[in-house]
Structure formats: C-alpha cells, structure tokens
Amino acid sequence: MLRNEPQITPALVAEHGLKPDEYQRILTLIGREPTITELGIFSAMWNEHCSYKSSRLHLRKLPTKAPWVIQGPGENAGVIDIGDGLACVFKMESHNHPSYIEPYQGAATGVGGILRDVFTMGARPIACLNLLRFGSPDHPRTRHLVSGVVAGIGGYGNSFGVPTVGGSVNFHTRYDGNILVNAMAVGIARADSIFYAKATGVGRPIVYLGSKTGRDGIHGATMASASFEANAEEKRPTVQVGDPFSEKLLLEACLEIMGKGCVIAIQDMGAAGLTSSAVEMGAKGGLGIELDLDAIPCREEGMSAYEMMLSESQERMLMVLDPAKEAEAEAVFRKWGLDFAIVGKTTDTLRFVVKHQGEVKADLPIMELGDEAPLYDRPHVPTPPKPVIAAGSVVPPRSNRDALLHLIGSPDLCSKRWVWEQYDHLILGNTVQQPGGDAAVVRIGDGPKGLAMCTDVTQRYCEADPVQGGRQAVAECWRNLTAVGATPLALTDNLNFGNPEKPDYMGQFVGCLEGIGDAARALDFPIVSGNVSLYNETQGRGILPTPSIGGVGRIDDVAKAATLSFKGADEAILLVGETQGWLGQSMYLWQVCGREEGAPPPVDLAAERRNGDFVRGLIAGGHVTAVHDLSDGGLAVALAEMAMAGGVGATLTATAPQQHGFLFGEDQARYVITARAEDVAAITAQALAAGVPLQMIGETGGEALTLPGETPIVIADLVNAHEGWLPAYMASAPK
Amino acid sequence: MKAAVLLFPGLNREGDAMRALEQASGHKPTLVWHAEHELPAGTDLVLVPGGFSYGDYLRCGAIAGRANIMDAVRAHAARGGLVVGICNGFQILCESGLLPGVLMRNRDLRFICKMQHLKVERADTPFTTAYQKGQTIKVAIAHGEGNYEADDETIRRLEGEGRVAFRYCDAQGQVGGAANPNGSTHDIAGIYSEKLNVLGLMPHPENLIDPLVGGTDGRGLFASIASFSRAA
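Read top to bottom, the protein sequences are chains X and P.
Here the numbering used here runs 1312 ahead of the position in the first sequence, where the first position is 1.
Here the numbering used here runs 624 ahead of the position in the second sequence, where the first position is 1.
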C-alpha cells in the first residue's frame, strides 16, 4: 500500500487540471486512490500539451508519409532523407504562455527545447527559425514583450551557436493577452545514425544527463494547457530558466557519445520533464521503468518526489546506455562538466515505479499512462463563410504611391531588421541567404547542397475561412521554398488555437487541419513533426487561429539559388499566375481602409503546383535573375521589396480596370520574376506550354519604383518607410 | 603554418575559424582543450575563437582568461609568437592580460549581428600584409559586448604607438558617428599588443571567406598570417 499524504481532494484534482471524469478514469485504471506523486504524473501525462487529447483524432488525418520521410510525427522531431547519406531533422514548437509571463526566459527556453528535440535524435543543429505574433502595437505591454522575446531568442541561440536565419513577426490585437512564440530548429545527421526514444533490453541502466533538477517549471505543461486569466503574471514561478551554456555542452557531449556508440535510447526532458521522458522511453519499448529519485542530481535541497517528477528544469536528458560503454560515456560527460547519474533501470514489469527515500511514491501501468489518456471528439462548428468582396466595391486610394508607402511601413510588412540583427544569423559560415528573403538558404558543410527553410501562416485568412487559411499557410510556405529554387520536402506545424472546449474555436482547429491536409497532399509536402498549443485565449477571447507552418526544401547547388533582389537595369519583369485583384482580407483592406473583412483569397492547389513547378524549373535552368513570391500586400509590395533589396528601380507598365486590386490584391499561386530581355520569348513559350499564366508587367532600371500614372518613389524613400517603423516604435515610450 | 585553436566550454565559432585558417594555409589547425598546459610543439599561431566561454555568465572572458592553457599562450606571446583573439577571444585576451582594456556592453544594450565595414589602420603587421593601409573591408560583427573601453593613458598609448588595428567605418571608409555599431572608444574594432604579435578584434573575418556567404574581405587576415608564418 502506498502511503498517501496529502489526501486527494476534489479541489486538489481540479488544481491539477484534471476534470472529475478524468479523475474517475484514473481510479478505474489503477483500482485505488493515487498518491500525490501519481496524481502529478497523471496531470502531466494527461494534460492537453502531452496527451493531445482534443487534437489526436484530427491530427491522424494529416498526410505524414513520402518516400523521403524517415520518421514522421511521434518522435522528438521529424526526419527526412536529403540524399548523400544525410538526413534533415526538424521540428517547431511553441512556448506561448511562458513567453507572455516572462518574455526573455520564456522565449529562450522555447529555443532551448526545440534545439534539444533536434540533437536528441543525433543531429547537429544548423539553423533556427521562429514565428512570433504579438498584440497590437498600441497595447501597453507589446514593446516589453517584443523586446524580451527577441532578446531571449537571441540570447539562447547566439550562445548555443546556431544561426537564426528566418522567421515571421506580426501584430494583432487578438494576441494582446496571449502572444505566440513558435521556435523551429533544423539539424543534419547521417541518415543511418538517427537516435530514438525507444528503450530496449531489460535491466539496462537509465542515465540522467545534463543540468541539475530544480523547482522551476513545475506544472509548466499544465499551465500550457489552460487559458489565461487576468492574473497570468502570478504564474511566473512556473516559467523555466534557460542556460544555453549547459545546452551547448550537452549538445557536444551527446553527439560525442552517440558517435562512440554508447547510446541505445535517448529522450530529452521537455514538457513534464522526467515523467514524460521516462514513460515515453519505456512505453515505446514495451518495457517497465524503475526510477530511484535519490540519485537525481538536484539543485535545491529537500525536493520531494512530486517536485522532481514534475520539474521542467532545462538542459536535461534521459538515456539508456549500452552497459559495456557506460564508463566511456561517463568520461565524456565529466570532461564537459555535466552531471551524469544512473537513476534507474528498465524492467520487464510494464510498471512505472518511482522510489524516493526508501518509499515507493508511484507504481503505475506504463503503457496505460499514454495509451489510456483521454481522447475527445470535441464538438466543433464550422466558421460561417464570409462574403466575397469585389475589388470594385473597395474604395481606391487617392494615390497608389502613398498607399504603397503606407503598407511597406506598416507593422506587419515593415522590415524586421531590428529583430533579426539581434540574432546571430551568420555563425557557422553557411548562411547563403539571410533573413529578409522568401526563405533562408543554408549550405550543408562545404556544399554545394543546401537547405531552404521558412515559417509561414496568414492568421487573418485562417480566422475568416479556416479551410482556405490552412491551405494557404502550407501553399505559401511551399511557394517561399520554391521561390529560392528549392524542392519542398516536408513541413512541421505548430497549431496555435483557442479553447478546444468551445465549438467555434474547435471548428477553427478542425477547419485549418482540413486545409493543411489538402494542401500537404496536393503538394507532396508531408507533415513530419509538430506541436499543438490550445487554450490560447485570455478572458474568454481566443487568439486568431494560427497554424504555423515551417517548411524545409532541398537545393542541390546553393550557388544556383534565386534571390528576390533586382539585379540590374533593362530586365523584363514578369508576373506568374492569375490576378483577379482579390482584396478580401488583404493588407490593403486592413491597413489602408481599416477593414478586416471578407473571404480570403481561395487557394487553387493545382495552380499552385503548376506555377511553382514552372518557376522552380526556370531557376534550375538559369533563366531568371530574380524571383519573389507574392503574398501580403500583393504585387506592389513585392516590387518594392525587390527594388529595395537590389537598389535597382523599376517601372510598372501593366494596368487593370481595378488598378488597386491589381496592385494590392492577394491572389494566390503567384510570383514575380525578372529575366534578361533575350530570354523572355523562351520563358513565354514555356509558360504557354505548361499552361501557366504569364504577363509582362514592366522593366527594371533607374533609381525609383514607378507605378502607372504616379510620381516615382525613389528607392531611398521606400527604404526609409520600410526600415523606419520598427526601430522608431521600439524607441518610443508607450502611450 | 602550424595553428592551434583554443577550445573553452561555450565557444562556438571554433569551426568557422578553423575553416578560414585551413583555407588560407592549406593546413588543418589543431584544436587545443582549455585544460591542457602546453601548446602543440612548433605552434606558430594561437587563435582564440568567438563564442560564449562559460556562458559569459561572469564578465566576458574572465574565467577563460585564467584557464591552464593561457599560461602557455602568454609564454608563446612573450617569445614573439602570434596570437589572435576574435570576439569572445578578444575579450579573453583582455582578461588574460595579453591586451589592455575591456569590452563593455554595446551602446544600445542589444546584441548586434550584421555586416560591418572596417578601416585597416596599418598593413605592415603579421596580420594585415594582404591588405592596404587605409583599406575599407566588409566583415561581420556578432556581439553584445564589443564596446571597447580603456583608461585615457592606455588609449593615448594605443593611438600613439600605432596599435589600433581596425576601426569601424561606413562603406565609404568614413569613421565615426553612426558607423560605430557599439559605442567603442575611438571607433576601435581591434588592437595590437606592444610588439604587434598579439591581435584582438571584435568582428568576424572568419565569416567572410566565401563569395556565396557575404564576401571574401576576411580572407586577407588569414592570408597575412599564413604568409608571415611561411616567411618566418
């Protein structure tokens, strides 16, 4: 009989985030009242963050397979084959709630966690990216959050020594009380030496590695599974503190012992720390686990079993080692000054047993801890369709020129240089394309092969029409990879949504997943890893539905990658894809007209594929000099970005009946390309043969961007508008 | 050329430095662990790379500057051997007493990573013969604490003795004002020891050795070292 102190009361159960029927499930499962430690273990394993109880049913519908997928969802990270015996390991994960409470540490440990997921699998991280969503710039807390989150991401990644090469930063009032911090890490491993969590062999030592265990982050995963109320800041003690120095040592030590063949199974201690890592290792291997907590290296005195099992102290790993190589592994860890302790063993009992100070504190069936977690088919209602807004019904601006200057200096479209200059994006010497382009391009070793990577989602589309929004997020990611010349291979998703217990928010989740699935299937762009973050709401109001998509593509020769900058004068500017002038949910409608309205642009996946394959072919053939994907802000914003990047002007000659729709419409499946005049005929013929709409729209040259019938905008003015907003905003005092 | 690249826990640009040295000299440098007491026999150059030694949790470079291996590095420098410290390596050399002064937090209190132009102050040291005096080069910076400070007397001596190696400037070679990214005294980006055989600099020439990755203006530093070592 396990001694039970304190008594389990309904209030204590509720404090652990467990519903009465979930507690009943526990009682049925173990046939007795759980100990407080066991209750803690259940709360950790059965919360939304770890059990995916609201999302599992729907996640199963996503396409996760392709001939090049080595490991899909379910491990620490996804793994794809990139040829030459190499694999790319990557994943994206959120750290939303902690980052709102304590932005520096919340964001830093988000980066630390995702890096650990990648090197746990035997990969050396080569790049980080992120996707950040903040509240309205007018909200008094926004500056503080931007400042802290950016410093935290930089503080961790810079010290760890991996370049942060890309990302996305947007603002919207619906994130005022619940920001999003999604971090993605990409690593490279040999395809034949990937490491997994599955433990094998009975009686093998379980080894604890890395930093010591403290009281930080206890119940972090439970916090991440609840809505925020106004007293969010009171949760500060549950935010973990990151130590990138220890993580760097952990990386080097782990890769060293993996190289020596010491490791049988490995799992990082992320959400729900020791509990989740130990249970996963055992359950995946069909083995029991016995832990002796007296052996856990602790940072603080007098820690209870409950605290040790639920601590989310960072920079820790659990491993099953080859007993014959235990001494060798220990020597490596000692060299790097890291803790190394044997804290348990694998058993054949299929029980998860936790002992502390001579007492059994928990004794639970290990398979059921995961398998018997609640699974909910939450009620969901689809988002009602929004009316299509014809360009003709939207007021044109007095001056397209002024509208463009306004747009490129708006919070979402302005330059994010202030952000990415705080990230070391150059370390490792392989950043061929740095932040600011469609996708980052990172060379692998000495090349010529490289990877393209980016993160995308257009949350206002997802809000207006979850299915189209989900499709668009995947399509835009695929398009951004295509625009640098990469072959898109796979994606990771980070699904940030509101409270799943509310049918309309659950409907957004279900709708977005449907769209993501459609697009991933149509574009052969499988989902190999991901993370679900629900309950993103404050005082009853959910965030905009934000399914972040992180994509990776292969480039066989990074020297042939395309960039978006205009390269010189007298080149033809061509528009690939069909333009109707779709202004519903556009940046123009929002930022210039002050209207967040209408249906978002529909995504024709066949057209995406056809147009994208055509552009990729042109890049591979060396027929184009610049390529840019069209997205927020439409054609005019894309041309401005190309002019600024190259310091070369352009004259747009094409016009349309609704010129503002033509300039600022956000029709999908489009690219702008430039080509030498002598290549235009051949490109046109190819487009015709491929059934790809192609329109000659202007010519490069001069020192200004000229829109039809408007005063030219000199590039310096574009740059001032584009670069000015964020530094000025961050330097100004809150209102 | 025989180069030793020091490795302290938390450094992270050792690979970048080794790549640049090997590209310039054709020889693979040796990685030397901080707990060692000796440098490899016949070492021509000691390079202390960038990163965050010991997490920079104490003053930058303070712990590494007192490591075992630094005694050997001081002895190597006293014999006239070449030493270069880049970024955290510069901070470590200051902490170890091989160079004067200190690197304070950047003026704007933010980490900054970007391309930065430098003016080469003199082209007659073992580190700069591949450049022209007064040449403007483009390299990378990536630091939170690169704001060089020293007492007035030290600054006067550095200036008087021609020991300023590089200064921050703009693309046109104009020194000062907005071209100074971190508030460094006299726009100093790098300095020499009295005998000009020890160089410390904040920028990262090792990240500018490839036309595909930003440019090749950093190669000159490594080429200079390699040709000096061949001549020696």
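To be clear, the hints were calculated from the coordinates, so they are not data collected in a lab.
Given the structure is predicted, the values throughout are model-derived calculations rather than measurements.
Hints are not guaranteed to be accurate.
[To be verified] So the derived label-pair ranges between C-beta atoms look like this:
hint	chain 1	residue 1	chain 2	residue 2	range
1	P	His651	X	Asp1868	43 to 51 Å
2	P	Ala747	X	Asp1882	36 to 44 Å
3	P	Gln796	X	Ala1881	18 to 26 Å
4	P	Ser817	X	Lys1647	47 to 55 Å
5	P	Leu655	X	Asp1868	51 to 59 Å
6	P	Ala747	X	Gly1959	54 to 62 Å
7	P	Thr809	X	Asp1868	43 to 51 Å
8	X	Lys1647	P	Ala747	39 to 47 Å
[Unchecked claim] Here are some chain P residues pointing at chain X (derived, C-beta under 10 Å):
hint	residue
9	Gly634
10	His661
11	Ala665
12	Gly666
13	Tyr678
14	Cys737
15	Ala764
16	Gln798
17	Val837
18	Ser851
19	Phe852
20	Ala855
Just so you know, even glycine gets a beta-carbon here, dropped at the ideal spot from N, CA and C.
The hints, checked one at a time:
At about 31 Å, the CB distance of histidine 651(P) to aspartate 1868(X) disagrees with the hint of 43 to 51 Å. The given range of 36 to 44 Å is respected by alanine 747(P) and aspartate 1882(X), whose C-beta atoms sit roughly 40 Å from each other. Distance hint for glutamine 796(P) and alanine 1881(X): a CB-CB separation of about 23 Å, consistent with the stated range 18 to 26 Å. Distance hint for serine 817(P) and lysine 1647(X): a CB-CB separation of about 32 Å, inconsistent with the stated range 47 to 55 Å.
Checked against the hint of 51 to 59 Å, the C-beta distance between leucine 655(P) and aspartate 1868(X) comes to roughly 31 Å, which is inconsistent with it. Against the hinted window of 54 to 62 Å, the Cβ-Cβ separation of alanine 747(P) and glycine 1959(X) comes to about 30 Å, which falls outside the hint. Between threonine 809(P) and aspartate 1868(X) the beta carbon distance is about 48 Å. The supplied range of 43 to 51 Å therefore holds. Separation of lysine 1647(X) from alanine 747(P) is about 42 Å and conforms to the stated range, judged on CB atoms against 39 to 47 Å.
Satisfaction of the interface hint for glycine 634(P) is found here, the shortest Cβ-Cβ separation to chain X being roughly 5 Å, below the 10 Å cut-off. The closest approach between the C-beta of histidine 661(P) and any C-beta of chain X is roughly 16 Å, which is over the 10 Å cut-off, so the hint fails. Residue-level restraint check for alanine 665(P) is violated (minimum Cβ-Cβ distance to chain X is 23 Å; threshold 10 Å). Hint status for glycine 666(P) relative to chain X: violated, with the closest Cβ pair at about 26 Å, above 10 Å.
Contact between tyrosine 678(P) and chain X, as hinted, is supported at the beta carbon level, the nearest pair being about 7 Å apart and thus within 10 Å. Taken as an interface hint, cysteine 737(P) checks out: its beta carbon lies about 5 Å from the nearest beta carbon of chain X, inside 10 Å. Nearest Cβ of chain X to the Cβ of alanine 764(P): about 5 Å, under the 10 Å cut. The hint holds. Restraint check, glutamine 798(P) versus chain X: the minimum CB separation of about 18 Å is more than 10 Å; hint violated.
Proximity of valine 837(P) to chain X holds as hinted, the smallest CB-CB distance being about 6 Å (cut-off 10 Å). Taking 10 Å as the C-beta cut-off, the interface hint given for serine 851(P) is violated, the closest approach to chain X being about 22 Å. The interface hint given for phenylalanine 852(P) is broken, as the beta carbon of that residue sits about 23 Å from the closest beta carbon of chain X, more than 10 Å. Hint status for alanine 855(P): violated, given a least beta-carbon distance of 28 Å to chain X, over 10 Å.
Checked against the numbered hints given earlier, this structure breaks hints 1, 4, 5, 6, 10, 11, 12, 16, 18, 19 and 20; the rest are met.
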